[in-house]
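Novice: Sequence:
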Amino acid sequence: MGAAVRADLMRKFAEYLRRDIDYLSKLETLNNGKPLEENKMDITVSADCIDYYAGNTIILKPAEETPLTALYCASLLKESGFPPGVVNVLPGDGSECSQFIVTHKGIDKVIFTGSFGVGRKVQELAAKSNLECLSFELLEKCPLIICEDADLDSAVKLTDRTIFANSAQSCFAGSRIFVHEKIHDQFVIKYAELATRRVVGDPFDSKTEQGPQINDEKVQKIMKYIESGKKQGAKLECGGERFGTNGFFIRPTVFSNVTDDMDITSDEVIGPIMSILKYHDYDEVITRVNNTCGLAVGVIIKDKTQANFLVSRLQARTAWINKYDAAMNLLPFGRYNHVGGKKNFNGNGFDEYYEVKKVATDTDLL
Numbered sequence: 003m004g005a006a007v008r009a010d011l012m013r014k015f016a017e018y019l020r021r022d023i024d025y026l027s028k029l030e031t032l033n034n035g036k037p038l039e040e041n042k043m044d045i046t047v048s049a050d051c052i053d054y055y056a057g058n059t060i061i062l063k064p065a066e067e068t069p070l071t072a073l074y075c076a077s078l079l080k081e082s083g084f085p086p087g088v089v090n091v092l093p094g095d096g097s098e099c100s101q102f103i104v105t106h107k108g109i110d111k112v113i114f115t116g117s118f119g120v121g122r123k124v125q126e127l128a129a130k131s132n133l134e135c136l137s138f139e140l141l142e143k144c145p146l147i148i149c150e151d152a153d154l155d156s157a158v159k160l161t162d163r164t165i166f167a168n169s170a171q172s173c174f175a176g177s178r179i180f181v182h183e184k185i186h187d188q189f190v191i192k193y194a195e196l197a198t199r200r201v202v203g204d205p206f207d208s209k210t211e212q213g214p215q216i217n218d219e220k221v222q223k224i225m226k227y228i229e230s231g232k233k234q235g236a237k238l239e240c241g242g243e244r245f246g247t248n249g250f251f252i253r254p255t256v257f258s259n260v261t262d263d264m265d266i267t268s269d270e271v272i273g274p275i276m277s278i279l280k281y282h283d284y285d286e287v288i289t290r291v292n293n294t295c296g297l298a299v300g301v302i303i304k305d306k307t308q309a310n311f312l313v314s315r316l317q318a319r320t321a322w323i324n325k326y327d328a329a330m331n332l333l334p335f336g337r338y339n340h341v342g343g344k345k346n347f348n349g350n351g352f353d354e355y356y357e358v359k360k361v362a363t364d365t366d367l368l
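Each position in the sequence shown, counted from 1, maps to that position plus 2 in my numbering.
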């Protein structure tokens, strides 16, 4: 199939995504509990990104808990005219499917999004089979640094979305908030008040800001971490309990007096638990952040020179200054602390999805 035909099919698929945005948004909310309005934004961005795909044959393995939207997208691909076998959706058990995908001789490239532990297993499987090219987006304890000169009210508002968006189930969730010691106490008071007002409930309601967790198993895991935080000496500022009598809802939970060695700070919780940590100066916070960072980091600051200084020393493939989790799909990113690998939609990223062949010809014999 020629490039022009592939481009037409992909544009048609993007057109169908936009056409069915209301249905897809509701389906994704039913799928994982994410608030409806957040899904509309994600689907719009997804459609915009279609123009930059390389056009390779792919196998899509969604999480076994959330296959609905991926399966519906497969039906849109068929409606768009994609030939059978170009895009394959493989729902099912994660461990079984991933082993099949990673060890299959006919698959040249694997992109994995998930936990660090599973990512390591994927890497080991690839090393033992056909040494496939791998890219990772591993779950991290992404940090947000609030500097001494930050506008306090603006910092509080921005912080509210760093973790609690997407029901705190995003790989970019900013679960570690480093606040300068001079503004730390004021920030804790103001943010706890805001988090307490966050609307938890029916994700189909446009007023809802935080929906449910994915299942009861995850709820039980999160509640154990909340208890662990209390036992290890963190101060519970708000939340710390389930919301309502039905469903998998947990109130936004904020801890202060947190240290780097606590479980709520070091482990992949993947839930609505925010840890607020105090720091003294830039050297200290840079060292602490770089110990575990790699995926993304945010900085709230007024001084432009200091902002550039901080970002240049922070080891993260994506950095935001005075914003967080902003889509930057056309910008490349690298690899830091085992995370990343040029997974993007611009020219640099395309290098990851095709192979270059060197051909030498003696033209005198042609």
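Simulated from the structure, these hints should not be mistaken for laboratory data. Check the hints yourself; a few may be wrong.
[As the list claims (entries may be wrong)] Below, in silico cross-link-like pairs of lysine-lysine (DSS-like), each with a Cα-Cα straight-line distance of 27 Å or less: (1) LYS192 x LYS123; (2) LYS192 x LYS130; (3) LYS220 x LYS42; (4) LYS192 x LYS306; (5) LYS220 x LYS184.
Novice: With reference to the structure, classify each hint as holding or not holding.
Specialist: Against the structure, the hints come out as follows:
1. LYS192 x LYS123: violated, 42 Å
2. LYS192 x LYS130: Distance of about 52 Å is beyond 27 Å: violated.
3. LYS220 x LYS42: The given pair, whose Cα atoms are some 25 Å apart, holds under the 27 Å limit.
4. LYS192 x LYS306: Holds. LYS192 to LYS306 sits at ~25 Å (cutoff 27 Å).
5. LYS220 x LYS184: Given that 27 Å is the threshold and the Cα spacing comes to 36 Å, the pair is violated.
This entry does not satisfy hints 1, 2, 5, going by the numbered hints stated previously.
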